[in-house]
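Participant: My request is simple: use the sequences and hints to build the entire structure.
There are 2 protein chains.
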Amino acid sequence: MKELKKGTISTPLGFKTNALNCGMKKSKPDLALIYSIVRAQCAGVFTKNKVKAAPVILGMKNLKDNHAQAIIVNSGNANCCTGKRGLDDALLISKSLAKELKLPSIDILISSTGVIGKYLPKEKIIKSLPKLVSGLGFNNAHKAVKAIMTTDTFAKQVAVEIKIKNKTVTVAAIAKGAGMICPNMATMLCFVTTDALINKTALTKALKLVVDETFNCISIDGQMSTNDSVIIMANGLAANAMIVENSREFEVFAGALKFVCLALAKMIVKDGEGATKFIEVNVIGAKSKKAASTAAMAISNSMLVKTMMAGNNPNWGRIPSALGAADVDFDVNKLVLTLQKKIVFKNSKPALKDQNVLIKSLKKKDINITANLNNGNFEHTVYSSDLTVEYVKVNMAYN
Amino acid sequence: MKELKKGTISTPLGFKTNALNCGMKKSKPDLALIYSIVRAQCAGVFTKNKVKAAPVILGMKNLKDNHAQAIIVNSGNANCCTGKRGLDDALLISKSLAKELKLPSIDILISSTGVIGKYLPKEKIIKSLPKLVSGLGFNNAHKAVKAIMTTDTFAKQVAVEIKIKNKTVTVAAIAKGAGMICPNMATMLCFVTTDALINKTALTKALKLVVDETFNCISIDGQMSTNDSVIIMANGLAANAMIVENSREFEVFAGALKFVCLALAKMIVKDGEGATKFIEVNVIGAKSKKAASTAAMAISNSMLVKTMMAGNNPNWGRIPSALGAADVDFDVNKLVLTLQKKIVFKNSKPALKDQNVLIKSLKKKDINITANLNNGNFEHTVYSSDLTVEYVKVNMAYN
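If you're matching them up, the sequences are chains B and H in order. According to my numbering, the first sequence is numbered sequentially starting from 1. According to my numbering, the second sequence is numbered sequentially starting from 1.
In case anyone wonders, no lab produced these hints; they're calculated from the structure. Virtual Cβ for every residue (Gly too), placed ideally from N, Cα, C. A couple of the hints might just be wrong.
These stretches of chain H come out as covered by chain B in the derived footprint (C-beta under 8 Å, 3 or more residues) [as the list claims (entries may be wrong)]:
id	stretch
1	48-56
2	81-93
3	114-123
4	234-241
5	311-322
6	337-347
Facilitator: Laid out in structure tokens, this is it:
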């Protein structure tokens, strides 16, 4: 596997993109289009929130045939809590775009991100479709990655190249993140393009596996949004031997997909609203995978742990406290807690002699918390950020 | 029932108190003693955190006989995550105080609040015991209520008077709260004194019922601490006819206890670290009590809802989003959401025509959120606060 430092979602063969400002935001691009020149195998993982945005409902429906050819994405409005009108709006956009692209509308997916509970200014989008489509090209990916940003402070894209039986296959993706990350992805959009030739079950399985190990392992503020979507289009133009489940090629492809998604997931955490720290929470020695994951999320989501990190504050007692309050079976007498690789709690008592060393190491941007429950063989890692004054300021504002 | 505006925990007959600075904090009182002149019936509700502080472990043990005569409380150190040494320290303090008070040590309870993971400076406490005991009096309650404060900005005490078959009975309590409130009480200490004559089962039952309906219904930052304790001493000096379960007198007593605890619970929310708003979250029409309570807690604990309130931000879509992410069975099409008594979401779409009216009403200090799931007959209320820049600042610091 080779990372393509300058790769974009147009690096895999056959993917054109475009983006423009349709007037939902003041001036920056707010509407993006990702288009494959041939119909692509497609899979999606969507939010588990019971309140699903209209584009998510429509997307799940359109993806029942496991194919798509275009994804249109708007930022500035989530088209959520908008009832039948919201669904009608999404449908109208997909039909209008279908006409413009000369495709069946079922091959179009919509993604939206932004404020909840406001109707989509659909006229602005529809009016912009001819220009959006006519401008499609192989060199516009830099615009698309910017158009999907909301409170993100930097664009997020990753691309890698792999060999599938001597054929070169490329996997690339863009993502938007920032606030509301965790669990199960949150206001997070990710679009993956690949020219791999891969069958339906293999693509669906690879995406599910990878999302569980990447985007579902990050936490910014413990919220899961109504619009989260990770969508992959595989158009087969690399002309490799068909990738099927339970093969070495499947492992190679899933590995590349995981590399791309994990890199984006970590970027999302680093760009968490107001975040100044990147926190890796490892729970090891748990009785089950679920226990490990619940424990890691409990530590990651604790506002007291998050503020402690923002303040380089050595008050590590907040970590066992967060753990003890979670629905996880463990014995505090067996718990070994390390912070920045230093054991701070063991045998049910403080284990650190020189607190100044800890205080110094907490000033680093990268924080590691490892809790060994000594209770079994399962482990889980969550990537998280700190809670800062800036986070509160960003979210006090209406955006 | 009559509220005694100037009542203290020394208003019920036979309760002496004292407080002083033992040197754990710079100058403000950090050690309090509550003492009944006769051995009292006693009940306690303690944290459900699996990581329990030493005083909680000892207190649960000493309360097995349902009696106590004195409670000693220190602030500044939680004596938690301190292993066998922490337990030995707590035991030594209770034995030293027992000697001073000429009581069996099993009749002494200890409560601690403060930083986790540091050994208790027990010498400072033990050295102060003679002075603490010799200063016991009926007019020191104002000192005791201050000594249990940590980041609280005001002292919290309530007292009421009731009639039990023509005898006057008084119920009074003090509490400390501030950070880390919810669910199941969090770093919350509450001490109730009453001169009621009440039997063991009635007292235990009344306390459990009332704690579930008061302290367990508040949320500040979604954390549950290692030291939470609500303890009631009933010394019987009112000489009323013994209160037993399933009687009218039980209802009167439990009603008084609820009044006192609910008033303190609300004060704790109002005094949440950095809080500027008092938020009442009502979930109605739920399928079960558990569903109602999970839903209300999910809304109350959402960092996005909390920051929204801090900013008088009308972004109500964050409420259905928080609800949809919770483990609660409901249909978004039936959900009716009101904010400040105005319907903002109904029939799966926005229901408010004039958003300016909402923005104006959100500027009030008291916020009401009501979510009708239209799914059953159960309801639950949670009292909550907003998330402000000040909260983050307070908790970034090491305290």
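Participant: Taking each numbered hint in turn, which are not upheld by the structure, reported in ascending numerical order?
Facilitator: Going through the list in order, the structure violates hint 4 alone and respects the others.
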